[in-house]
Amino acid sequence: MTHFSIDKTLDARGLSCPMPSVKTALALEAMSHGQVIEVLTDDPVSKRDLPVWAQSTGNVLLGIEEENTTVKIYLKKA
Amino acid sequence: MPELPKKSVTIVLFSGEMDKALAAFVIATAAASMGMQTSIFFTFWGLNAIKKQGGLIKGQNWMQKMLNLMNYGHAKKLALSNLNMLGMGPAMLKTMMAKKRIPNLHEFIKTATALGVKFYPCEMSMTLMGLTKKDFIEECEDVIGAVSYLSLAKDSNVNLFI
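Protein chains in written order, with this note's numbering: chain L, 1 to 78; chain V, 1001 to 1162.
Any given hint might turn out to be false.
Said to hold, decoys possible - Restraint ranges, calculated between C-beta atoms of paired labels, are given here:
#1 L:GLN55 / V:ASP1142: 33 to 41 Å
#2 L:THR9 / V:THR1127: 44 to 52 Å
#3 L:GLU65 / V:MET1085: 43 to 51 Å
I should point out that these hints are in silico values taken from the structure, not numbers from a laboratory. Heads up, the beta-carbon is just placed ideally off N, CA and C, and yes, glycines get one too.
Turn these sequences into a full structure, and let the hints steer you where they fit.
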């Protein structure tokens, strides 16, 4: 399903609420418009929270993939 | 006071316990990560969260000095509101949090600053306790009063009293 190129990967595994959202926000700040970030998390809350975070910040959720306990969330910077 | 952007969060931290301060900072950092302008107004016991480490005796008279001595605390030294058990509670909680990689209060303060969360100490509490701006960490903005706080809070979308 990855029909987009990933510009940056953020490994937020092991971190719990609210740090995955915080780290994503800080990482996106340093990226430019249209770039794609891959966020890795194993926090069940963040699997729900990161799409909500994307929606409320106007960034685009491109997709979610799950691989064992790791959830990969793809976001495009608005 | 700077003009607020569209969405904003204002938090009053009145309590001086670690657990309550953590609650305030979890919400503050999450809000800031969502792009909301976030301000925390530290008042009364809540001032302890942003006090500098050290300086047991502060104040101008013996009552203030006694109050500050008995109320000594900073981000790394705060009690719990429940199960404090003479300091065993906070020590155990800090260990448990570190194991789960949950930031401690000191780290939350740094993260919040990086995200642009504004810290405002309360002028009246400081006067009462004989504290000055130099008793607080550098990250603090101006010392403000209730009216300035309310001028931020009246236009904010979320307001919490912790």
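Quiz item: What are the numbers of the hints the structure violates, in ascending order?
Solution: none
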